[in-house]
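Could you build the full structure based on these sequences and the hints that come with them?
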Amino acid sequence: MKKTVVSAALVVGMLLFGVGTYTAMGSLRGSGARVDHPASSLVSVHGTLYLAQGGAIYRLHGTSFKQITPEEGWTQPAASPDGSHLVAVKRSLNFADIYVLGADGQVQARLTNNISRRVEANHWAFYPRFSPDGSAVFFSYDSKDPSNTYRVDLAIFSRPADPAAAQSTAWTQPNPYTGGDVGPLPLRQGLLFTRYSIDAHSQVHSQVWLQAGPGAAGTALTPPADDCAQAAVSPDGRFMAMVCRHGQLRAADLVVAPVDMTSGSIGAPVTLVSGRLVAAPTFSGDGMEIAYLSPASAGGPFQLWTVGSPAARKAGSPVQVTQNLGFDSTSAPVWLGT
Amino acid sequence: MSRKPTYLPRVSLVIAGFVLAGLLGVGAYFLPVFEVAATSAVSSGSIPDPLPASTQPFTVLLLGSDDDAKFAPDRYNTQSMILLRVDPVAKQATMLSIPRDLWVPIPGHGTGKISTAYQLGGPTLAMKTVADNFQVHIDDYVWIGLSGLVNLIDRIGGVDIVVTNPVLDDYYPSDINTRDPYAYYRVAVLPGAVHLDGVHALQYARSRHGDIRGDFARSERQQQLLLAIKDAHLNAADLPFLASAFSGEIKSSIGLDRLRQLVGLAGQFGGPNISRVVLVPPYTSEAQIAGQDVVLPSWPVILPLVHKSFP
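Chains as they are written, first to last, in this note's numbering: chain A, 1 to 338; chain B, 1 to 311.
In case anyone wonders, no lab produced these hints; they're calculated from the structure. Wrong hints could be hidden among the right ones.
[As the list claims (entries may be wrong)] Listed next, with one range per pair, are the computed distances between beta-carbon atoms:
{"hint": "1", "chain 1": "A", "residue 1": "A121", "chain 2": "B", "residue 2": "V89", "range": "39 to 47 Å"}
{"hint": "2", "chain 1": "B", "residue 1": "I15", "chain 2": "A", "residue 2": "T23", "range": "20 to 28 Å"}
{"hint": "3", "chain 1": "B", "residue 1": "L303", "chain 2": "A", "residue 2": "A217", "range": "41 to 49 Å"}
Quick reminder that beta carbons are idealized off the backbone N, C-alpha and C, glycines included.
Laid out in C-alpha cells, this is it:
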C-alpha cells in the first residue's frame with residue numbers, strides 16, 4: 001500500500017515537473033509587449049492632457065485617466081484657444097472626418113464630410129488645429145489629382161470653425177508624390193507645418209516650413225539634412241520643439257531651438273532627447289516642460305514622457321509618465337493649464 | 001549475514017522519470033516549431049549545399065509573396081526579394097533588395113520579371129535565378145506569405161518604425177481574408193515614429209502607388225521593417241509561439257539549429273553594422289517590354305557592388 005502511494009506520488013510529481021518545464025520555457029520568451037487600458041499614470045502631471053489610444057481619446061488629470069470618447073477611430077485632438085472645445089479626427093476604413101467635441105468628449109458638430117461610395121473618391125482629413133483666435137480650423141486634406149489617380153498628397157486647408165460655413169481655403173501646394181504637407185500649426189505670424197521632398201538620390205527629407213498666407217511662397221526653417229518634423233511652439237513663441245532624424249531611418253531625436261517667427265529664423269538647436277524614438281512633442285501651458293511620446297523599450301508601444309524645456313533653464317532627465325500603455329504617436333498630446 | 005538493500009536502481013528510475021518528463025515538457029513546448037520544420041522541409045537535392053559552420057558567413061534569400069486567390073496554390077509572385085548576408089563573427093549584415101520587376105534570364109524559362117521565378121519553379125528556381133544573375137552563392141531561403149508576416153508582427157507585439165513621409169495609397173489590395181482578390185481599399189500611414197501592428201506594418205511595407213519612387217521606396221520600407229522585427233528581442237523560447245502563428249505561411253530550407261542561431265544573433269547586430277542596398281538608378285533603369293513595366297539591370301555597375309557586399 002505504502003509503495004503504491006509513493007509510486008503514484010512520484011508519477012504525479014513527474015507530470016507536474018513536465019508541465020512546470022513547459023511553463024518555464026514560456027516564461028523565457030523575450031517578445032511581446034503589454035498594452036493596458038489607460039487608468040492611471042506613474043507620476044502626477046500638472047494641468048490636463050488629452051491623448052489618443054486605440055481609437056479613443058483620454059483625459060489625464062493628476063494621475064487619473066478618463067476615457068472621453070468610445071473606441072471608434074478617434075485621434076489627434078486639439079484644443080480651442082480657451083480650452084472649452086476640442087477638434088479631433090474620427091478615422092474610418094477609407095476616410096477620416098473632423099469633428100468639434102466638448103471638453104467632455106461629446107460630439108458637437110462635424111466639420112467635414114469625406115465619405116464616398118467609390119473607394120478612391122473618399123478623402124482623408126488629419127491634424128486639425130484651431131487658429132489662434134479660434135475662428136478657423138486648419139487641417140491636412142487630400143484633394144484629388146484628376147490627371148493621376150495614383151497620386152495622393154495631403155495639402156493644408158483651413159475652414160471656418162463655424163459648422164454652418166462650408167468654404168475651405170487651400171494654404172499649401174505639396175511636393176508631388178511625397179505624401180504631402182502635414183501637421184499644420186497656425187500662429188499669428190503665419191502657418192507652421194511639415195513639408196516632404198525627395199532629393200536626386202531618392203532620399204526623402206522633411207522640413208519645418210513657415211508660410212505667411214494661403215498660397216504664399218513660404219520659408220523652410222530647417223535644412224533638408226536635419227529631417228525635422230512635428231513642430232510645436234512654446235506658449236510665449238520663443239522656442240520651437242521638433243523631432244529630427246538627421247538622415248537616419250531609426251532615429252527620431254527631440255530637438256528644441258529658439259525661434260523668431262516674425263523674421264522666420266531659428267537659432268542653434270539643442271537636442272534634448274536622443275537615442276530614442278520620439279514623437280509628437282507638445283509644450284506645457286507654462287512652457288516649462290515638453291511632453292512627448294516614446295517607447296519605454298526598443299520595439300515597444302509609445303508611452304508619455306516629459307522633459308524640462310530650455311525655458312525652464314534647468315537641465316533635467318526625461319520622466320516616464322506612463323507604462324504599459326500604447327498611445328497613438330501620430331496624435332500629439334494636448335496639454336492645458338499650468 | 002543479511003544483504004544491505006540497494007536503492008540505486010529505483011533512484012535511477014525516478015531520476016530518469018523526471019528527466020523524461022522534463023524532456024517531454026520541452027518537446028511539447030517546441031512542438032509547433034517541429035511541425036513548421038516538417039511542413040517547410042525541401043528535398044535536399046533541390047537545394048544547394050547545407051549551411052556552412054556557424055562561424056562562417058552565410059547568405060539567405062528572403063522571399064515575400066502575395067498568397068491570395070489570384071494565384072494557384074504555391075505558385076505566387078514574389079513581391080519582395082531580399083538577399084541577406086550574415087557574418088556571425090564580424091557581426092556584419094548586408095541586405096540587398098532586388099526589384100521585383102527586374103528583367104532577367106530565368107533558367108529554363110527565357111527572360112522575364114525576376115518575381116515570376118518562384119511562380120515558375122518554386123524556391124529552387126527563385127534561388128537559382130538570383131544566384132545566376134547576381135553571381136552569388138545562396139545558402140538558404142525563407143519564404144513568408146502576407147498573413148504569415150501579419151501574424152509574426154502581431155505575435156511579437158508590433159514593431160516600431162520611423163515613417164519618413166506619409167504613405168498614402170488609394171488602391172491598396174484588399175486580398176487577405178476576402179472573397180474578391182481584386183478588391184482594394186485606402187491606406188494612410190502617417191509619418192513619424194510609430195508602433196505598428198501586423199496589418200499596418202504590412203500596409204507600410206507593401207504600398208507603392210502613391211510614391212514616385214515606386215518599388216524602390218517599397219524596398220526601403222521592407223528593409224526597415226526587417227530591422228524593426230530584429231529589434232523585437234526574440235530568443236529561442238519565442239520560436240514555438242511564433243511558429244504556431246504561421247500555419248503554412250512560412251517555408252524555409254533553414255534547419256532548426258540555424259534558425260535558433262539566427263534568432264540569437266539578431267540581437268547582437270546594431271544599426272551601424274547593417275548595410276542596406278537598394279538598386280536605384282544608375283544600377284537600374286525603368287523601361288517597357290512587351291507592354292510590361294520592367295526594371296532593366298545595369299550589370300556592369302551592379303556586379304561590382306554585389307561582389308563587394310556578397311564576397
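Right, here's what the structure says about each hint:
1. Checking the proposed 39 to 47 Å range against A:A121 and B:V89 shows it is violated: the Cβ atoms sit about 56 Å from each other.
2. The hinted window of 20 to 28 Å between B:I15 and A:T23 holds, with their beta carbons roughly 21 Å apart.
3. The supplied range of 41 to 49 Å is met by B:L303 and A:A217, whose beta-carbon atoms lie about 46 Å from each other.
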